[in-house]
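FYI, my numbering numbers position 252 of the sequence shown as 252, with every residue one higher than the one before it.
Derived by calculation from the structure, the hints in this document are not laboratory data.
Predicted, not measured: the structure shown is a model, and the values here were computed from it.
Worth double-checking, as some hints may not be accurate.
Derived CB-CB ranges, DEER-like [as the list claims (entries may be wrong)]:
(1) His184 with Ser247: 52 to 62 angstroms
(2) Ile98 with Ala63: 31 to 41 angstroms
(3) Asn195 with Asn163: 21 to 31 angstroms
(4) Gly207 with Thr90: 16 to 26 angstroms
(5) Arg241 with Asp139: 49 to 59 angstroms
(6) Gly125 with Asn211: 21 to 31 angstroms
(7) Glu4 with Glu281: 45 to 55 angstroms
(8) Asn195 with Glu281: 23 to 33 angstroms
(9) Gly207 with Arg147: 45 to 55 angstroms
(10) Asp142 with Thr117: 39 to 49 angstroms
(11) Gly136 with Arg8: 45 to 55 angstroms
Glycine residues also receive a C-beta, built at the ideal position from the N, C-alpha and C atoms.
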Amino acid sequence: MSFEAAARLGSFTEAAEELGLTQAAISYSVKLLESDLGTALFHRWHRLVELTESGRQFHADVASALQQIARSADTLRLTASDRVTVDSSTAFASHWMIPRIPAIRSQYPQIDIRLLTSDRDVEIGRDPTLVGIRRGNGDWSDYRAVRATEEVIVAVCSPAYLNQHPGWLEERSERTLIHLEEPHRPRPTWQDWFNHFHVAYTDHGEGLRLNEYSLVVQAAIGGQGVALGWRHIVEHAVKQRLLVEASDMKWRTGMSFYAVMHKAVEPSPDAKRIMDWIVNELQQ
1 MSFEAAARLG
11 SFTEAAEELG
21 LTQAAISYSV
31 KLLESDLGTA
41 LFHRWHRLVE
51 LTESGRQFHA
61 DVASALQQIA
71 RSADTLRLTA
81 SDRVTVDSST
91 AFASHWMIPR
101 IPAIRSQYPQ
111 IDIRLLTSDR
121 DVEIGRDPTL
131 VGIRRGNGDW
141 SDYRAVRATE
151 EVIVAVCSPA
161 YLNQHPGWLE
171 ERSERTLIHL
181 EEPHRPRPTW
191 QDWFNHFHVA
201 YTDHGEGLRL
211 NEYSLVVQAA
221 IGGQGVALGW
231 RHIVEHAVKQ
241 RLLVEASDMK
251 WRTGMSFYAV
261 MHKAVEPSPD
271 AKRIMDWIVN
281 ELQQ
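Starting from the given sequences, assemble the full structure and let the hints guide the process.
As structure tokens, this is what we get:
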């Protein structure tokens, strides 16, 4: 530590102040290190020191090793801390988790909630503080999964749009429908929805098409058309009357959404609390 501080600061005196030692102690420690290594590490000037070529090489290795130690220590601290990360789609984080963060913090003020999103379902790592939300049938080989809610899809739009287009279902105009086209996280489409209800419809690739479900929800709230609404995602917007169900047809697809963790690790107590809280909320 004496060598690293002196090399970084370019001064034995400043290194001594930083470490709470005397200048003589720093100098003696460096001399012992130079003797052990058999080479000079510093050029010594009046009140200043400068690394030799050997000293620069050695300092680079020492600094890298200390950074790695710091990262490992941070990882251990995070594992032992009250931090819990929820890994989900951006839509789930934006429209389901964010509105409920105040309630979670009220019940568990000691837990630091972190949200992690991506444009695809990445592998849940072996982290005891990581909880994932995944769509599927519950048969993942690497995950322990708790079923939270069934997949129910309804048609939604803004109240104003429904007032202006009460016959949208009969018209089925391409201008009416908002399509989700996620390249890495496939979801049922309008074609699938109409097929399920035996309604004649052919998707010609027209209309408003978006690659992220949060954008789809925002477009529907903004009166851009009718969107497929995953019930648990749009529930908050429906309660606020930002969205309304545009028909009575509800498609229960047979799939579900699960809270998952990696089987190779035992969840931290706080991760288990947050996982149970999410599941209970979704089941309600």
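The hints, checked one at a time:
Our hint of 52 to 62 angstroms for His184 and Ser247 is violated, since their Cβ atoms are close to 29 angstroms apart. Between Ile98 and Ala63 the CB atoms are about 40 angstroms apart, so this pair conforms to the stated range of 31 to 41 angstroms. At roughly 28 angstroms, the beta-carbon separation of Asn195 and Asn163 lies within the given 21 to 31 angstroms, and the hint holds. Separation of Gly207 from Thr90 is about 22 angstroms and conforms to the stated range, judged on CB atoms against 16 to 26 angstroms.
In this structure, Arg241 and Asp139 break the distance hint of 49 to 59 angstroms, their C-beta atoms being roughly 38 angstroms apart. A hinted range of 21 to 31 angstroms for the beta carbons of Gly125 and Asn211 is consistent with their spacing of about 25 angstroms. The beta-carbon spacing between Glu4 and Glu281, approximately 49 angstroms, falls within the hinted interval of 45 to 55 angstroms. A beta carbon spacing of about 32 angstroms between Asn195 and Glu281 agrees with the range 23 to 33 angstroms that was offered as a hint.
At roughly 34 angstroms, the beta-carbon separation of Gly207 and Arg147 lies outside the given 45 to 55 angstroms, and the hint is violated. At roughly 21 angstroms, the beta-carbon separation of Asp142 and Thr117 lies outside the given 39 to 49 angstroms, and the hint is violated. In this structure the supplied range 45 to 55 angstroms holds for Gly136 paired with Arg8, their Cβ-Cβ distance being about 50 angstroms.
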